[in-house]
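A.B. asks: The chain contents come next:
2 protein chains.
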Amino acid sequence: MKFSFSNPTKIQFGQGQIASINTLIPKEQRVLVLYGGGSIKKNGVYDQVESALDGYTWEAFGGVEPNPTVETLDKAVEQVKASNIDFILAVGGGSVIDGAKYVAASAKYEGEGWDILTGAHTVDDALPIGAILTLPATGSESNGGSVISKKATKQKLPFMSPLVYPKFAVLDPDVIKSLPQRQVVNGLVDAFVHVCEQYLTYPQNAPVQDGYAETLLKTLIALGKEVDNPDDAWRANLMWSANQALNGLIGSGVVHDWATHMIGHELTALYGVDHARSLAIVQPSLLRVQIDTKKDKLAQMGKNVFGLAPSDDIAEKTIDAIESFYQSLSVATTLTEHEGDQQSAIDAIIAQLEKHKMVALGEHQAITPEVSKEILSLAVAK
Amino acid sequence: MKFSFSNPTKIQFGQGQIASINTLIPKEQRVLVLYGGGSIKKNGVYDQVESALDGYTWEAFGGVEPNPTVETLDKAVEQVKASNIDFILAVGGGSVIDGAKYVAASAKYEGEGWDILTGAHTVDDALPIGAILTLPATGSESNGGSVISKKATKQKLPFMSPLVYPKFAVLDPDVIKSLPQRQVVNGLVDAFVHVCEQYLTYPQNAPVQDGYAETLLKTLIALGKEVDNPDDAWRANLMWSANQALNGLIGSGVVHDWATHMIGHELTALYGVDHARSLAIVQPSLLRVQIDTKKDKLAQMGKNVFGLAPSDDIAEKTIDAIESFYQSLSVATTLTEHEGDQQSAIDAIIAQLEKHKMVALGEHQAITPEVSKEILSLAVAK
Chain A
13 MKFSFSNPTK IQFGQGQIAS INTLIPKEQR VLVLYGGGSI KKNGVYDQVE SALDGYTWEA
73 FGGVEPNPTV ETLDKAVEQV KASNIDFILA VGGGSVIDGA KYVAASAKYE GEGWDILTGA
133 HTVDDALPIG AILTLPATGS ESNGGSVISK KATKQKLPFM SPLVYPKFAV LDPDVIKSLP
193 QRQVVNGLVD AFVHVCEQYL TYPQNAPVQD GYAETLLKTL IALGKEVDNP DDAWRANLMW
253 SANQALNGLI GSGVVHDWAT HMIGHELTAL YGVDHARSLA IVQPSLLRVQ IDTKKDKLAQ
313 MGKNVFGLAP SDDIAEKTID AIESFYQSLS VATTLTEHEG DQQSAIDAII AQLEKHKMVA
373 LGEHQAITPE VSKEILSLAV AK
Chain B
13 MKFSFSNPTK IQFGQGQIAS INTLIPKEQR VLVLYGGGSI KKNGVYDQVE SALDGYTWEA
73 FGGVEPNPTV ETLDKAVEQV KASNIDFILA VGGGSVIDGA KYVAASAKYE GEGWDILTGA
133 HTVDDALPIG AILTLPATGS ESNGGSVISK KATKQKLPFM SPLVYPKFAV LDPDVIKSLP
193 QRQVVNGLVD AFVHVCEQYL TYPQNAPVQD GYAETLLKTL IALGKEVDNP DDAWRANLMW
253 SANQALNGLI GSGVVHDWAT HMIGHELTAL YGVDHARSLA IVQPSLLRVQ IDTKKDKLAQ
313 MGKNVFGLAP SDDIAEKTID AIESFYQSLS VATTLTEHEG DQQSAIDAII AQLEKHKMVA
373 LGEHQAITPE VSKEILSLAV AK
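Protein chains in written order, with the numbering used here: chain A, 13 to 394; chain B, 13 to 394.
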């Protein structure tokens, strides 16, 4: 086991913590508040931010969309440059925070910002970012990852940099109160799959990482059962689980498999499927196709997470249990939101994967386009 | 649940990672290598450090003792000032790293360094520290805590500051290979009790924190069974568990009870009992005396950690299982290393606790000197 791990983001967890941001942003810095569709203006979060920023020089940029696009974000980059912004305060979910990372890095780069996504530019400088999380799901509030889309080409690509970790992340569970149920469920499923991507590979004698992952999976399943009756503790536990699911800790020193995400991204880019729902569509089929390489870890998950009794088909039963978990949340596990017939949907997704060089996915780099096609054939509704 | 959590220490985990320190200490900084009794000169660690520091201006200070004393460390402070040291590199276990924190803070304070321990001075500046861990146990390599002793007065007191977190911590499991078995066992027990101090209080609906704690406890118990047959994975898992046990994460947002540590410190200060062994002496008796307030969490631990079946006396059985765990490692659970008779030992410990204002310990601040006396009466060998 060999790895480097650090997570410099300061977590400010709990009710009322939005007010603490004025102790975390230097007073003399010019702040850009980046936000999304405006729900924060209805649920009181914008007012809290406004009040916490009293005495600062700040301005706002709204309209960052789910699956944030370079087309929108480049306008924020222009504003950052025109107003000599020193600090980006992201107020939103993973999309806004991912967007803030792009803006922070692109503002310090003279070329086309999209170069950061294609790999033509490696981030070497970025403005500091702070995050006020309004939707627990992606973990973006305390990691160095970001996923950005390009509307013009229907692309959705990730970048990572240690320079875009938020300096702080405010996790106030009260923000969940005003969220539509669909978004809460999406967050829960997204966090669940994030854990799986770092856990469901093969045994590596890493009991700390495995036990942490199983803890998060069990917590998320238990929360799923009470999704219609959330209380303060429910909201706090969802928020903490989703954060822990993707802050780098549980995946340190173990092999990952992000194939579900990579295939799911194409579903979102092509057909506008919600991110979390794209994962629920792909993952059960991916696990069924990959069962031979994943069977030991599936058996472990069945025993430790779902409490299944030992059996010859425990790996299959574990996949069934995962799929049932999504379905219990009314999340579909087959693709129904695409246009046109099944075969052309599959062909379009495979073409995109090839275009994005996603041709050797999985923990053994064995998920070729041919295997992805097999997975999609299972996942696309008949 | 309300808390702030951040841990800025960069973890460099794995075999061969000592060499990476030259990427982590700025080249122009003057380095003081702080170490202990000299075992690092025999096991090759000193040579690796020397080779990694090639090109740096550096000097060394050896002789930091277990339960490091202000008397020794103040000499290091003098050397730091005389040589204009910029960076303290601690190479050792918790004692050396704790000592480095004191030296780093004291070097930036004009008054008596001991003021930091008494609380007369709050740390407001400190030299940067790096840690090369040679004994997994205390978690000091990535936290802001330090415990320092004063020989003259037989005192052992803690201080904490966000300014003394190491900038980096090298965790190379190979360093365990040359450790005496007694020290490896001490580390295992120390880490186990660290987890218990943050977990064995009362249920707070914090499944992530609880599950993480239970993961570490189960891992440490499993490692204890193989203590005579360690391999690379064994060493790596011990090192990662001990680090996770006290880096602030598992205790975020939940109530703690550090009474075992506070009472144990007095055993070490008065009778020279190894730190970990002082904890094994105090804890089972403390749990028995405190069983009413801790019974729900003891039952949870019995079920989730030891796999005990539900029963009316599951809390008692859990304490028995904890005690058996220590005994299976040949660690005593009664005080046999004190001088003189039982009653005067108890009186001496209680007098020290009162002197150090440790008069309202435990998660309910209900462990008065009277209760500590009851605990010690159970813990002192007949």
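Derived from the structure by calculation, the hints contain no laboratory data.
Keep in mind that the hints are not guaranteed to be accurate.
Intra- or inter-copy, both count: the list cannot distinguish identical chains.
[Claimed, not checked] In silico DSS-like cross-links for lysine-lysine, where the CA-CA straight-line distance does not exceed 27 Å:
| id | residue 1 | residue 2 |
| --- | --- | --- |
| 1 | K189 | K14 |
| 2 | K163 | K367 |
| 3 | K230 | K329 |
| 4 | K93 | K163 |
| 5 | K14 | K237 |
| 6 | K87 | K54 |
| 7 | K307 | K230 |
| 8 | K307 | K166 |
| 9 | K87 | K120 |
| 10 | K230 | K385 |
| 11 | K22 | K53 |
| 12 | K385 | K367 |
| 13 | K22 | K120 |
Note that the coordinates shown come from a computational prediction; the quantities given were computed from them, not determined experimentally.
A.B. asks: State for each hint whether it applies.
C.D. replies: Structure-based check of each hint:
1. K189 to K14: between (41 Å within a copy, 17 Å between copies)
2. K163 to K367: Intra 16 Å, inter 69 Å, cutoff 27 Å: intra-copy only.
3. K230 to K329: Classified as both: same-chain Cα gap 16 Å, cross-chain 26 Å, threshold 27 Å.
4. K93 to K163: within (23 Å within a copy, 60 Å between copies)
5. K14 to K237: Answer is between; shortest inter-copy Cα gap is 24 Å, intra-copy 37 Å.
6. K87 to K54: within (24 Å within a copy, 61 Å between copies)
7. K307 to K230: both (19 Å within a copy, 23 Å between copies)
8. K307 to K166: So K307 and K166 fail the 27 Å test inside a copy (35 Å) and across (57 Å) alike.
9. K87 to K120: within (14 Å within a copy, 47 Å between copies)
10. K230 to K385: Neither way: K230 and K385 sit 31 Å apart in one copy and 41 Å across, limit 27 Å.
11. K22 to K53: Within one copy only: 25 Å inside a chain, 38 Å across chains, cut-off 27 Å.
12. K385 to K367: within (15 Å within a copy, 73 Å between copies)
13. K22 to K120: Classified as both: same-chain Cα gap 23 Å, cross-chain 25 Å, threshold 27 Å.
Violated hints for the displayed structure, listed by number in ascending order: 8, 10.
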